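Number of protein chains: 2
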Amino acid sequence: MERLYLYDTTLRDGQQTQGVQFSTDEKRQIAQALDTLGVDYIEGGWPGANPTDSAFFDAAPATRATMTAFGMTARNGISAANDDVLAAVTNAGTPAVCLVGKTHDFHVTRALGITLEENTANITRSVAHLVSLGREALFDAEHFFDGYRANPDYAMQAIRAAHEAGARWIVLCDTNGGTLPAEVGRIVGEVIAAGIPGDRLGIHTHDDTENAVACTLAAIDAGARQVQGTLNGLGERCGNANLTALIPILSLKEPYASRFETGVTRKALAGLTRTARMLDEILNRVPQKQAGFVGSAAFAHKAGLHASAILKDPSTYEHIDPATVGNARIIPMSNQAGQSNLRRRLAEAGLKVAKGDPALAAILDEVKAREAEGYSYDTAQASFELLARSVLGRMPELFEVKRYRVTVERRKNKYDQMISLSEAVVVVKVDGEKRLSVSESMDETGGDRGPVNALSKALAKDLGQYSALLEDMRLVDFKVRITQGGTEAVTRVIIDSEDGQGVRWSTVGVSANIVDASFEALLDAIRWKLIRDRGET
Amino acid sequence: MERLYLYDTTLRDGQQTQGVQFSTDEKRQIAQALDTLGVDYIEGGWPGANPTDSAFFDAAPATRATMTAFGMTARNGISAANDDVLAAVTNAGTPAVCLVGKTHDFHVTRALGITLEENTANITRSVAHLVSLGREALFDAEHFFDGYRANPDYAMQAIRAAHEAGARWIVLCDTNGGTLPAEVGRIVGEVIAAGIPGDRLGIHTHDDTENAVACTLAAIDAGARQVQGTLNGLGERCGNANLTALIPILSLKEPYASRFETGVTRKALAGLTRTARMLDEILNRVPQKQAGFVGSAAFAHKAGLHASAILKDPSTYEHIDPATVGNARIIPMSNQAGQSNLRRRLAEAGLKVAKGDPALAAILDEVKAREAEGYSYDTAQASFELLARSVLGRMPELFEVKRYRVTVERRKNKYDQMISLSEAVVVVKVDGEKRLSVSESMDETGGDRGPVNALSKALAKDLGQYSALLEDMRLVDFKVRITQGGTEAVTRVIIDSEDGQGVRWSTVGVSANIVDASFEALLDAIRWKLIRDRGET
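Residue numbers (this note's numbering), protein chains in the order written: chain A, 1 to 537; chain B, 1001 to 1537.
Excised from the complex, chain A in its bound form (with noise of 0.2 angstroms):
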């Protein structure tokens, strides 16, 4: 078996993606994930570009994968020692470093306006600042193709000066994303035959014209041994080659199965679903259904002739087996497939129904009925358990809210400040008593933290006999979409909380009102906590 390795730039390209701005706590998630799904190198960023990248470099995780920091070769004139941007980023202390130069001519002596000598000297002379610094140098030989076809002599040039100074990888990028898959493989072939070895070439592409994937796999064909890629294909413009999509390829399908290896093990490929859909969640975004591998709808048979085939034999209409990627089968709910997946489900709640129960028909047509109106149960777990028990008739009563009011007010305080504050009143009745509770959205440091805080402490604050079961629960996130609902635009709000021994769960409201959907997230919240705590079956 030949070794292929994975090259995660999800933290540093794929912050390029529009709308995409990584805090440097999310960096530390994602950078674990990656850890855990087995690829070799993770691309943390470009230290001193911006405070983000150099506080996660500051304190990077420790990882099994080679940690690696974002740059570009010294500048033309400064000595590589004396180049501060360079330094910046081989402070940073990485084992290994990237740095991106110019292979196309026209982008020498266009965009840079220097000698396509003195290029190639940069780039020597910076490969081997990171050598002689004891680093594992990587050359991003940035519009490497582009540069191919229009010099190619300049462009060998180029990366052969970076492999001579003593490269590990000399990554050939087609930064614009236009070269198509049969020339990708053509040029990677040449640039073997010209003498840099396979071994010795990544490549990393982009998906412009939706070829990202297959470029990467062109190259691979001819030879190249490093394959670059983000989670989710996030990325610059339409983003990188995607590694959700090329893991499971390279994993499963042939000819790559039984001649290549790479750092993923079958048991972590099966978390690529949740890896996948875990990074949206940071990201706030709505996974893509048709994600190949991972999409909700990458083994949804809709068509009639493909369902029934698929309950006869899965292999009719499944290139692969959903579960060997963390995904699942999706059969239209109406028939007996749909109905097995139910009990399953229920039965990892600990609510176990008979096979042919007519509850599991009742509660398929609620879930509908529900998602008709904006609820979405993929991720919200608990709402979804909380609505089993109330068709099955096994939700406990365990108190009632009468009414509500929040108030929010912004105005100047004494000091001719604009200041604002939420207060909240809950009335509720709990084991026949009414009980009305106030509380403010005032923190620890008199910040304001709005109507939704306001309220979750007024709920929790006097609920009798289950407030003390409340007390290690807290808000860990709190995710809003528009969606719609019937013929509206309504408010999905997703909470996920979070109890002392750091057991997490979601719920989910849904209202045209935001402070509504917050609320009804919320009950289900502690509704679900303390069924939870009292050992409800």
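There may be inaccurate statements among the hints.
Label pairs and their in silico Cβ distance ranges [unchecked claim]: (1) 488(A) <-> 1413(B): 19 to 25 angstroms; (2) 1278(B) <-> 152(A): 41 to 47 angstroms; (3) 1471(B) <-> 347(A): 52 to 58 angstroms; (4) 1443(B) <-> 260(A): 55 to 61 angstroms; (5) 1329(B) <-> 365(A): 32 to 38 angstroms; (6) 1445(B) <-> 477(A): 53 to 59 angstroms; (7) 477(A) <-> 1076(B): 52 to 58 angstroms; (8) 534(A) <-> 1329(B): 55 to 61 angstroms; (9) 1535(B) <-> 442(A): 43 to 49 angstroms; (10) 442(A) <-> 1354(B): 44 to 50 angstroms; (11) 390(A) <-> 1438(B): 34 to 40 angstroms.
Derived list of chain B stretches under chain A, where covered just means 3 residues or more per stretch with a C-beta under 8 angstroms from a C-beta of chain A [claimed, not checked]: (12) 1160-1173; (13) 1285-1297; (14) 1311-1318; (15) 1404-1412; (16) 1511-1517.
Derived by calculation from the structure, the hints in this document are not laboratory data.
Bear in mind that the values here come from a model prediction, so they are computed numbers and not experimental data.
For glycine and all other residues, C-beta sits at the position ideal for the given N, C-alpha and C.
Given chain A, work out where chain B should sit, using these hints.
Then chain B, alone, in the frame of chain A:
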């Protein structure tokens, strides 16, 4: 120039997309758009399979493209003339008919439960029947690539039967979407070598490995001359080959552009982005920002190095001119952008600032500081303009919000139903005069639209001379995410607004309090419109 034929199946296979259900009228609209685009065949659906498809064919629009009905080969043991399922298809009266049939031995014996010989005979007599009716006959060879891998002799025998019976096109289908481009190319080449000419072969691929476009190109490279696909890559599971990517590739990219011609003119190509967005409007889907060619991010240059080079020469980071497909370049504001990018963006907003003006650095500093607090100006161009105006001292004094208060109440009404209602009071100072306005969140149907709606109405209600300018303004989208603002989690709200002329603009607000953040984005939206309508510079 060799002719390539485009066969669109948006109305048939595209309808298998999870969550997609076209009405007859929507089918008509889409057919007309496809005809304007210049495809050669429009597969309108399966007459007899459902009421919508039947109704579409009953009054199919007149098109230059060949209208095609889809169905399946005659069932075993029933003559083609007596098969009522087939009769419903031919009775639609279309000039062309495409019938799907089995070519994979496993499916013949396992899914159909008939002998291989029976299946071959069914293909022969079904195609011959179409020919006898004077129709152009197409044969969709289902699972052809899987079938060819498993039993090449039988797969060839099946398609040879269709060819010999007079099928104009034999369409090689990768029904399960699992075949990779290199293998598609190899197999198509072998089929042609075995005697079926390439100008009788079509290719139909699915995107399960994100290689549908590449598989199609590989088949064309090998000699196939009909290309099947859908707009925006709609279709069963992960979708079909995306014509919205394939059309510009075949029209603009080598080796295709100078070797082949299609029915798509340059003028029609320039309408591609609009056609793609129109389909999303019909489906009420958010257009995919990162889609190749037509996505709103396809020519968005976020990286600072890219953005500055683009300003010198767009070809540095663009593989085609966005205008050729009716798309546009975007240089978003972000903490990675430089001053030249900034000047350009200001100029687009009608704000001329001289090169080297210290205000440029001041604006960038302000943007950076805001981004650290959680703001994002990638899409919120209108808020960016207001921020720049304020730094430049060109922000007119329009009105001042002195304070506001909004109350959300949920309680039982006199009919014992839980209802919610929001009420907002806004106090503004406009033209030296203090004005108090109050509004509630009720829509025309008596439903509660929430606190942001109430605030929005109260704010616009009495702004003196400005109120009239706000009458045609409406909120079209509202996005909320939790993000990092300094060390705390804050809420970022992005509001998209639209006026009576269809102009859209985006604004952003950030606060720990979701109502406050929304109010800030609302204020910006109103201010931007007033400034634009007054023609401020």
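Now the hints, each set against the structure:
Roughly 20 angstroms separates the CB atoms of residue 488(A) and residue 1413(B), a value that falls within the hinted 19 to 25 angstroms. At roughly 43 angstroms, the beta-carbon separation of residue 1278(B) and residue 152(A) lies within the given 41 to 47 angstroms, and the hint holds. For the pair residue 1471(B) and residue 347(A), the beta carbons lie near 57 angstroms from each other, so the given range of 52 to 58 angstroms is met. As the Cβ distance of residue 1443(B) to residue 260(A) is approximately 58 angstroms, the hint placing it in 55 to 61 angstroms holds.
Distance hint check for residue 1329(B) and residue 365(A): the Cβ-Cβ separation is about 49 angstroms, which falls outside the suggested range of 32 to 38 angstroms. Restraint check, residue 1445(B) to residue 477(A): a C-beta distance of roughly 33 angstroms breaks the suggested window 53 to 59 angstroms. The beta-carbon spacing between residue 477(A) and residue 1076(B), approximately 56 angstroms, falls within the hinted interval of 52 to 58 angstroms. Taking the beta carbon of each, residue 534(A) and residue 1329(B) are about 59 angstroms apart, inside 55 to 61 angstroms as hinted.
Checked against the hint of 43 to 49 angstroms, the C-beta distance between residue 1535(B) and residue 442(A) comes to roughly 44 angstroms, which is consistent with it. Taken as a hint, the range 44 to 50 angstroms holds for the pair residue 442(A) and residue 1354(B), whose Cβ atoms sit roughly 47 angstroms apart. For residue 390(A) and residue 1438(B), the hinted distance range of 34 to 40 angstroms is satisfied, since their beta carbons lie about 38 angstroms from each other. Only residues whose C-beta sits within less than 8 angstroms of a C-beta in chain A count toward coverage, and the region 1160-1173 of chain B has 0 of them, not enough to reach three; the restraint is violated.
For the region 1285-1297 of chain B, the stated coverage by chain A holds: 10 residues have a C-beta nearer than 8 angstroms to a C-beta of that chain, and at least 3 were required. For the region 1311-1318 of chain B, the assignment as covered by chain A holds, since 5 residues bring a beta-carbon within under 8 angstroms of that chain's beta-carbons and 3 suffice. Only when three residues or more bring their CB closer than 8 angstroms to a CB of chain A does the claim for the region 1404-1412 of chain B stand; here the count is 9, and the claim holds. Under a criterion of three residues with beta carbons nearer than 8 angstroms to beta carbons of chain A, the stated coverage of the region 1511-1517 of chain B is upheld, 6 such residues being counted.
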